[in-house]
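Q: With the hints as constraints, model all of the structure from the sequences given.
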Amino acid sequence: MKHLPKHLRPRWRYLAVELEAWPDAEVGRRAFQRELWFAAQNLVGDAGSAEADLSVVRFSFDDGMGHAIVRAHRGEVDRARAVLACLDGVDGAEVGVRVRGVSGTVRACEEKYIRRRPEPSDQRNVVFENAERRAVGRDGRIDVRADDAFVGATELDL
10 MKHLPKHLRP RWRYLAVELE AWPDAEVGRR AFQRELWFAA QNLVGDAGSA
60 EADLSVVRFS FDDGMGHAIV RAHRGEVDRA RAVLACLDGV DGAEVGVRVR
110 GVSGTVRACE EKYIRRRPEP SDQRNVVFEN AERRAVGRDG RIDVRADDAF
160 VGATELDL
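Read in order, the letters of the sequence shown are residues 10 to 167 in the numbering used here.
Since the hints were derived computationally from the structure, they do not count as laboratory data. Computed from a predicted structure; not experimentally measured. Fair warning: there could be bad hints in the mix.
Stated by the list, open to error - Restraint ranges, calculated between C-beta atoms of paired labels, are given here: (1) D157 <-> R90: 32 to 38 Å; (2) P14 <-> A91: 31 to 37 Å; (3) C95 <-> S69: 43 to 49 Å; (4) T163 <-> A91: 29 to 35 Å.
Each residue gets a CB set at the ideal place from its N, CA and C atoms; glycine is no exception.
A: Structure below.
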């Protein structure tokens with residue numbers, strides 16, 4: 010079977026997406042892809058979802074931080090951004106989603122917008138609400154374990 014000529018091939022844009030959740034959250038590629046499809050279907054319907062054709066090309070998530078590269082048709086970038094803005098959780102875990110940038114190739118998207126974590130998260134004991142608790146520090150933010158959930162804090166709160 011022959012390949013299509015270049016002018017007939019579909020044109021894609023790649024969105025670099027930053028993901029942030031609580032340190033104990035487990036988010037997988039399949040679950041993220043499923044939530045992306047559901048959000049697209051709910052926001053723009055079946056026809057709009059098919060036109061955007063959103064799919065996860067690369068995915069990495071560990072210790073509450075991660076990134077993904079989402080592929081969309083060239084004219085559907087605004088719609089893809091809107092769909093990503095509708096995501097608030099994956100498999101019951103609250104997830105913050107941030108589009109870092111858009112590129113024409115996967116390689117350029119990774120090089121420009123996906124930055125590697127400069128330092129791993131550190132775990133330590135802190136005093137919060139007059140009690141000693143476990144905490145995870147990331148990029149100047151501290152997530153304190155309070156009973157069965159985490160609470161976001163800063164150095165000044167401790």
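Q: Next step is simple, just say for each hint if it's right about the structure.
A: Tested hints:
1. D157 <-> R90: 32 to 38 Å: For R90 against D157, whose Cβ atoms are near 34 Å apart, the range 32 to 38 Å holds.
2. P14 <-> A91: 31 to 37 Å: Hint holds: Cβ distance 32 Å, inside 31 to 37 Å.
3. C95 <-> S69: 43 to 49 Å: Violated: the Cβ-Cβ distance is about 22 Å, outside 43 to 49 Å.
4. T163 <-> A91: 29 to 35 Å: Distance hint for T163, A91 holds at roughly 31 Å.
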